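**Q** Here's the letter readout for the chains.
There are 2 protein chains.
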Amino acid sequence: MVMTEILQKDEIITAEIVAGARTLFEKFGLKKTTMEDIAREVGKGKSSLYYYFPSKYEIFEAVVNQEIGELFKTAYKAIEKATTAKDKLKAYTRVRLGKINKMANLSQVIKNDLMDNMEVVLKIKKKHAATQVKMVKQIIAEGVAKGEFKKIGDGDIDLTAFLFTATLTGISNPLCIDGEFPDLSQKVDEIVDVMVEGIK
Amino acid sequence: MVMTEILQKDEIITAEIVAGARTLFEKFGLKKTTMEDIAREVGKGKSSLYYYFPSKYEIFEAVVNQEIGELFKTAYKAIEKATTAKDKLKAYTRVRLGKINKMANLSQVIKNDLMDNMEVVLKIKKKHAATQVKMVKQIIAEGVAKGEFKKIGDGDIDLTAFLFTATLTGISNPLCIDGEFPDLSQKVDEIVDVMVEGIK
DNA sequence: CATTTGACCAATTTCGTATTTCGGTCCAAA
DNA sequence: TTTGGACCGAAATACGAAATTGGTCAAATG
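Protein sequences appear in the order of chains A and B. Number 199 in this note's numbering belongs to position 199 of the first sequence; there are no gaps in the numbering. Number 168 in this note's numbering belongs to position 168 of the second sequence; there are no gaps in the numbering.
Simulated from the structure, these hints should not be mistaken for lab results. Please note: incorrect hints may appear among the correct ones.
Same chains, same names: a pair is fine if it fits in one copy or spans any two.
DSSO-like, lysine-lysine: derived pairs with alpha carbons at most 27 Å apart [unchecked claim]:
| hint | residue 1 | residue 2 |
| --- | --- | --- |
| 1 | K86 | K31 |
| 2 | K86 | K150 |
| 3 | K146 | K77 |
| 4 | K31 | K134 |
| 5 | K134 | K81 |
| 6 | K150 | K90 |
| 7 | K146 | K90 |
| 8 | K81 | K146 |
| 9 | K77 | K150 |
| 10 | K81 | K32 |
| 11 | K137 | K56 |
| 12 | K86 | K137 |
| 13 | K46 | K27 |
| 14 | K146 | K44 |
| 15 | K150 | K81 |
| 16 | K90 | K137 |
None of the values given here were measured: they were computed from a predicted structure.
Could you build the full structure based on these sequences and the hints that come with them?
**A** What follows is the structure in structure tokens.
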């Protein structure tokens, strides 16, 4: 069975263009990758690209959508395997935290353009994020000490306070804190425990 | 009682400089505000500023720290008034969500420099954030339908799914989703209910 | 008919350079 | 102790010329 029997020829070429563009975007970023670069990568003339895509931005979008599409596909499979809703949430969380790293290459290059300016802002935010976590942590610790809150899991108040703060930061500001929490992907069960209990 | 009996003169002038700088930073941003602008604003020569601050960056830091200091002060007062840990968390959340808007002026100008580039990334992130919320929402809805999860509050699954996603986004990426959730500050009790239950 | 290409265009980017501005220093003056 | 004017080196800016780039189009290819 030949490829062309399953996929249209233009679908194949489209995929080739997206793959080639993806390689170059990861290496050099969106801005520094020219249409001629992409054309050369896939062994065609520049004009040919416009037969398959209306603009450079569309190619970029296709690359990102493919990348995220894979993320969703993986997540969907993992969710299907899980039986309980809690396990489904865990599966989703695990995929998302895991894949994030694999998407880092692409994201990183895009982000690098921003980081130069962002540096200052993030530095300040980071400094005060620690203070916020401490505040929340103390409140929770008091609550636990008074028996007002019951500990779950291994009762990692640090993690709970971090999640609480991260949520607040995440919902209130496009420039959120850095996710430099140790071994985050190792703590999926714990994270989901904390968050899921809110639904019970 | 005169001011100088409580505050040192240089403390007053320092405060004046910070206040003047704050005004200009809010109006024109960090970059476009020159040391001479600040000096003119407080009615002094440029060199005088260096008698109170070692550099422009230190002035900026003082402005931001003062701004955040006020946030913490307000939060602290609110927390003191509350009796239960849950109410303390609610107070903290309320202050934080409320003050964020007041800090918007300063943040906005700083962010504007980034937004030009960020636009593209955020646009894409936003698009897929909706998909993620839907996925999580469905999982939760299933869990609730099966009796696996119990609803709390008015059982707003939308909100719960949003928070879950926001938390994941917040902890895993410095470029998090936009906080365009309606009437967020009106839902403090609900938000804290959802998040606090994770500690019980 | 489906696909490719090279010439071509307008707009943007880059570049080189002259000039200005800005953050920061120093010292005399008050 | 505090201020302001002269001054410095580095960085930002201005700006016109030249090169690039995203995108178009009609002709060519098969």
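**Q** Now tell me if each hint is right for this structure.
**A** Here is how each hint holds up against the structure:
Proximity of K86 to K31 under the C-alpha cut-off of 27 Å is found in neither arrangement, the shortest distances being 42 Å within a copy and 48 Å between copies. For the homomeric pair K86 and K150, the shortest alpha-carbon distances inside one copy (20 Å) and between copies (12 Å) are both at most 27 Å. When the C-alpha separation of K146 and K77 is checked against a cutoff of 27 Å, the pair qualifies only between copies, where the shortest distance is 21 Å, while the shortest distance within a copy is 43 Å. When the C-alpha separation of K31 and K134 is checked against a cutoff of 27 Å, the pair qualifies neither within a copy, at 41 Å, nor between copies, at 32 Å.
In this assembly of identical chains, K134 and K81 lie within 27 Å of each other by CA distance solely across copies; the values are 19 Å between and 38 Å within a copy. In this assembly of identical chains, the alpha carbons of K150 and K90 lie at most 27 Å apart whether taken from the same copy (22 Å) or from different copies (18 Å). In the homo-oligomer, the alpha carbons of K146 and K90 lie at most 27 Å apart only across protomers (17 Å), although the nearest pairing inside one protomer, at 30 Å, exceeds that limit. With identical chains, the CA atoms of K81 and K146 are at most 27 Å apart between copies only, with a shortest distance of 17 Å across copies and 41 Å within one.
Within a single copy, K77 and K150 get their C-alpha atoms only as close as 34 Å, which misses the 27 Å cut-off; across copies the closest is 26 Å, which meets it. With identical chains, the CA atoms of K81 and K32 are never at most 27 Å apart, being 41 Å at best within one copy and 55 Å at best between copies. Proximity of K137 to K56 under the C-alpha cut-off of 27 Å is found in neither arrangement, the shortest distances being 48 Å within a copy and 34 Å between copies. In this homomeric assembly, K86 and K137 come within 27 Å of each other (Cα to Cα) both inside a single copy, at 25 Å, and across copies, at 12 Å.
Taking the closest pair of Cα atoms, K46 and K27 come within 27 Å of each other only inside a single copy of the chain (20 Å); across copies the shortest separation is 45 Å, beyond that limit. Taking identical chains as interchangeable, the C-alpha atoms of K146 and K44 are never at most 27 Å apart, the minima being 70 Å within one chain and 55 Å between chains. For the homomeric pair K150 and K81, the shortest alpha-carbon distance between copies (23 Å) is at most 27 Å, but the shortest distance inside one copy (31 Å) is not. In the homo-oligomer, the alpha carbons of K90 and K137 lie at most 27 Å apart both inside one protomer (24 Å) and across protomers (14 Å), since each shortest distance falls under that limit.
When each numbered hint is compared with the structure, violations occur for hints 1, 4, 10, 11, 14.
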